[in-house]
Each structure stands twice: as C-alpha cells, then as structure tokens.
Amino acid sequence: MSTGASLGPVTSANENLAFDALSDRVRRRILSILGEGEFTVTEIADRVGVVGRTTVSSHLRVLRTSGIVTERRDGRLRYYSLDAEGSVRDAFNFLQSLLESSVRVADREQDRPDAARREAG
Amino acid sequence: MDSTATLSAESVVDLPVADTFALFGSGRSEAWLFDARCERVAAGSVVSMRLPIDGDDRRCGRHGVELLGRISAVRANSRIVVEHDQPWRGRIRLAFDADGAHRTRIRVRADVTASGIDWLIRRGGVALPDPAPTGALRIGLLTTKSGPGAVYASATQYLAELAVAEVEALGGVGGRRLELLVADDATDPALAAAEGARLVRAGCRAIFACTTSSSFDALRYAVRHDDVLLVHSVINEGGASGGESVIRFGERPGDQVAALARPLMRAAGGRRWFLVGQRYSWSFGAHHAARRVLGGAGGTVVGEACVPLGTTDFAGVVDRVAASGADIVMSSLVGADEVAFQRQCAAAGLRASTKALSLVMDESTWEHVGAAAADGVVTALGYFQDDPAAGNADLLRRYRDRFGPWAPPISSLSETVYEAVLRYARAVRHDPDADAAHQGRALLRPAGAGSAIGERDLLGRHLYLAEAGPEGLRVVDEAG
Chain A
1 MSTGASLGPV TSANENLAFD ALSDRVRRRI LSILGEGEFT VTEIADRVGV VGRTTVSSHL
61 RVLRTSGIVT ERRDGRLRYY SLDAEGSVRD AFNFLQSLLE SSVRVADREQ DRPDAARREA
121 G
Chain B
122 MDSTATLSAE SVVDLPVADT FALFGSGRSE AWLFDARCER VAAGSVVSMR LPIDGDDRRC
182 GRHGVELLGR ISAVRANSRI VVEHDQPWRG RIRLAFDADG AHRTRIRVRA DVTASGIDWL
242 IRRGGVALPD PAPTGALRIG LLTTKSGPGA VYASATQYLA ELAVAEVEAL GGVGGRRLEL
302 LVADDATDPA LAAAEGARLV RAGCRAIFAC TTSSSFDALR YAVRHDDVLL VHSVINEGGA
362 SGGESVIRFG ERPGDQVAAL ARPLMRAAGG RRWFLVGQRY SWSFGAHHAA RRVLGGAGGT
422 VVGEACVPLG TTDFAGVVDR VAASGADIVM SSLVGADEVA FQRQCAAAGL RASTKALSLV
482 MDESTWEHVG AAAADGVVTA LGYFQDDPAA GNADLLRRYR DRFGPWAPPI SSLSETVYEA
542 VLRYARAVRH DPDADAAHQG RALLRPAGAG SAIGERDLLG RHLYLAEAGP EGLRVVDEAG
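Quick note, the sequences are listed as chains A and B, same order. Using the working numbering, you'd call the opening residue of the first sequence number 1 and step up by one each time. Using the working numbering, you'd call the opening residue of the second sequence number 122 and step up by one each time.
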C-alpha cells in the first residue's frame, strides 16, 4: 500500500462519514464478510444471520455513501466489495480532521484565564 | 521500509505564546492538542495523548485510544516534538509562534506511516487483505496497541521484530525465512479472537500473545480446531491447559508473592494485606495464589477490591484501603489502570502508611506512573533493564541501535516475547512444518543453561526483586 500519495483537499467534518458508519456492529460484521470477497445482498444477509435482507441493504447504502464499499452490477444482480482505496482515503481524512480539531481551542478554554496557567513543577 | 506521509493543520488562538505553550501536557485542555499528559515538558518525558476514535464504549468492549510516546525535543515557548509508539509508530511536531502580543499561531504536523494507516482502517472494522503467502515460515504476534494494556505492551512489537531480524541474520529457520505478522487486540477479548483467526488464515504457524489472560482465553477458543501453536509470552496466572499446542511462559503470581511476602511484611512492620485487582481470570488467579502463599507466611488478607478493566477512578478503592488498616497493598491491576491506581495511592498519601507490591510494575508502566508516584513500589519479575544477566548490555545496545533513543524501555513483558521467538526458531529448525503439538513439545524441551539473555529459561521460576526509585526499577535481590 502506498501512502505517500497526495492528501487531496482539506476535509470537512462530514467526510468522516466512514468512521461514523463503522460505529454499528452489523456494519462492522458486513465489512468483515466483504474482507473475504465480493458478495450479493442475499449472500451477505445469509452470512450475517441476525438481520434481514432489507436491513442489510440499508447498511450497505450507508457503507457505499461513506466510500468504503463499492457496488458492481451484473444483469439484475448487484455485487458488493470493499473499496480499499476509499478506506485509505478515509483514514487520511479522519486523521486530518483529528489534527484540525486538536489545534482548535474551545471557546470556553479562552474564557477562563486560569485555564491557561499551569501549576509550578 | 514503512512509507510516511505528513499531515498538518494550524490555527490562531487568542492567548499569548507562553500561555498557549503551557497548556500542552497540563491535562486541562480537553481535546486541544490531544489532551496530552506528561509530568514535565522536557525531552525524555513520557507522554500520552487521547485520540477521539469511536469514543470509549465499554458496552461493546471498546476502550479509548491513546497515543503513547515520549517528548524527543523541546524549545521553550516554541517547539515540541513527540515520538510515539502506540498504537502505531509516528511523530507529532508542534510549533508555537507569536502572532502579535496576545495571539499565537499553532501548527501541528503528524508523520504517519503505512502501518499507522493500516491500524486505523482495521480499527474501523475494515478487513484489509493480508500479505500473500510466501515461502517464509510465518508467525503472528498478537499484542495490545490500544486500550488499557497498551502501556505495558509498548515495546513488544519491537522486541518481536528484533528477534525475527536476529533469526534472519543467522539464516532463518531450517533454511526458511521467518516472517512476522502483527495484530492488535485493543485489550478486547472479542478482537483477540477475530485477529487470532485472521493470523491463522494468513498462514501463521505459531501465535505469540502478549495480551491479557482474557484475550488469550478468547484466542485459544477461537482457533481451537486449527493447527497452530499458541504461546502466551507474558506474565500470567497459569493453568487452563489447552494441550500440547498451548504454552504459557512468563512469571506466576504465586512465585512473585512467595518471593516478596516476608521481606515486605518485615519492612512494613505488619501482616495485613489488601488485594486490588481486576474482574477477570488474571486477578482471580493471582489473588487466589496470593491468599494461599500469604496463609503459609503468616499474612492476613483484610480486604479485596476488584474493578472492571478500563477503570480510571480509584477514589473508592483508595478509601477502602485506607480504612482497612492494611500494612501492604498488593495490586494485580495492569496497564493504564495500574498507572491510575498507583498515582492515586501516592496522591492520597497511602505510601506513608502502607507498602506497595505491584505484580505488573514493568519499566513501561513505571515510567507512565512517574518516578515520584511510584517511589517505593516493589515487584518481582524475570527480567529488568537493570538485569545483571549475561548479554543484557548487548541486548539493550542492539535495541537502541535499531529503534532509537526514544523507543520505550525493554521490560519483562517484551523481553519474554523476544526470548520466546528465539526459542521457537531454535526448537523448530529441524522441522518447521511439523504440526502444532510437535512444535509445542519441541518448544518445551530444555534448551540452554538458563539465565543468559537470548537463552533465558522461560519455564524456570527465577525472579529478580526490584524496587522503584528515582531513576527507575532497581534490582535489589533474586529468588528462585
């Protein structure tokens, strides 16, 4: 994997979608299934087991919007797989947003004069 | 080589530069500069920085994530550089520049390696493909890069890499190259099981686990039908054998307490013990062993407290210890929990009335507790950096040559992994493809005389007794 590539434009908050998308247990399960290859919704639902096909479809829609899952159509069937490049891009975007929030002092910090002082030693 | 990318961000804050600089490490700035914590803003100080990654959701077994590392350079009111090792290896550079008299321009730059990006993606739940099989003999390291256990596991991956590099330099294993895959259990048994299964799918013939006993148990269950050798290569409570393909190296709590009970009771001038630990098999086993040993040594247990892994507030426990009239507090807490507990004991003044025994006070945990708060804590482990054993000075030199002056200290927990990998390579060199039970039997066969580094007897119960002083953990005696 090459990570020396350009980092693209500065991200906005909602470009962190993927990390939000992954907060769900079923979505994480779907991703681990897709780690083994390309599957249809029915195949994924069979493997997940605990939820139905409609629920899996809506989870797949979230994952696709986040850019970590891609869809391929073949006739009437749709196949889903991981988008590795999307995942890498998303990880960079996530780190970028962490850095940006780290240098933003919350307003309340600046309102409290004693917040800027440290105890000696 | 791990390729590196650099990200940066900057902003202007309405504070003079000295005040802005002083916020770093104060632990009062919330998300600002990652809520960095350190005792002193000085080169060499250990630092922890909080990463807001999927919160700290214990309901699904997830702990918070911290960058653990060390300040490597400081220019007052101007620059701070942090080199971190957990959860991945990287560097963060902070620059503070005056923007007029009352404002400061702050710039943060982070060097991120490919393995850092890999870690983030896996942490997100995306199953990245594993490297395609090669002709090499593949082994796995299941370690802890995040959650409370990350503190004691800081140097584990480096020591495993050092062992593999040294095996490779000598021609590999029976003519085969030795290849290491690394996985993070995030101090979470469910992840330990999933990552262990992944290492097996990737073709690992053996997995070395530097994890909690809960994670090791989950790993053992997850791969119970697979032909893979499991080696628990850190201090553990023992027991629960899984046949010939499951081996548990490392210190045992009963031996530790037996070595320290009498000297501690003499020093404390009392025999009353309070046991503090966690609600899982390690502490349960350790406290059971301690009660047995103390019963035979004339000690009495006057209180016990067990908390969930991931506890940071020990006020209630500290109060109970103080109220119990105990002479000695034995802690079996591990990692960040132990750091918080020992700091809170010291802050509450418990050191004046009690002696402290910590079962897992390795060098890495010690430096996160800090010299002042850890002062006087005693422990007993099979290895310390302050180890008189033959070959130790040379090991320390090779480690520093390879990983630099800012890498975390070697400790018993990481050195045991180093020893275990070397021992494995020697044991299976005649038949690297033997099944796991064969490999396990070969690994247990006595090899070498015993105490020299690189050939340390991991089944013997030799312990060094050490006490925390201003410079670190100092070996004061030996047992076993």
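Think of the hints as simulated: they come from the structure by calculation, not from any bench. Mixed in with the good hints there might be a few duds.
As the list claims (entries may be wrong) - What the simulated footprint calls covered on chain A by chain B, stretch by stretch (three residues with Cβ under 8 Å from a Cβ of chain B suffice, anywhere in the stretch; the number is not a length):
#1 27 to 37
#2 71 to 79
#3 96 to 104
All values reported here derive from a predicted model rather than from experimental measurement. Ideal placement from N, C-alpha and C gives every residue a C-beta, glycine not left out.
Status of the hints after comparison with the structure:
1. 27 to 37: holds (count 7)
2. 71 to 79: violated (count 0)
3. 96 to 104: holds (count 8)
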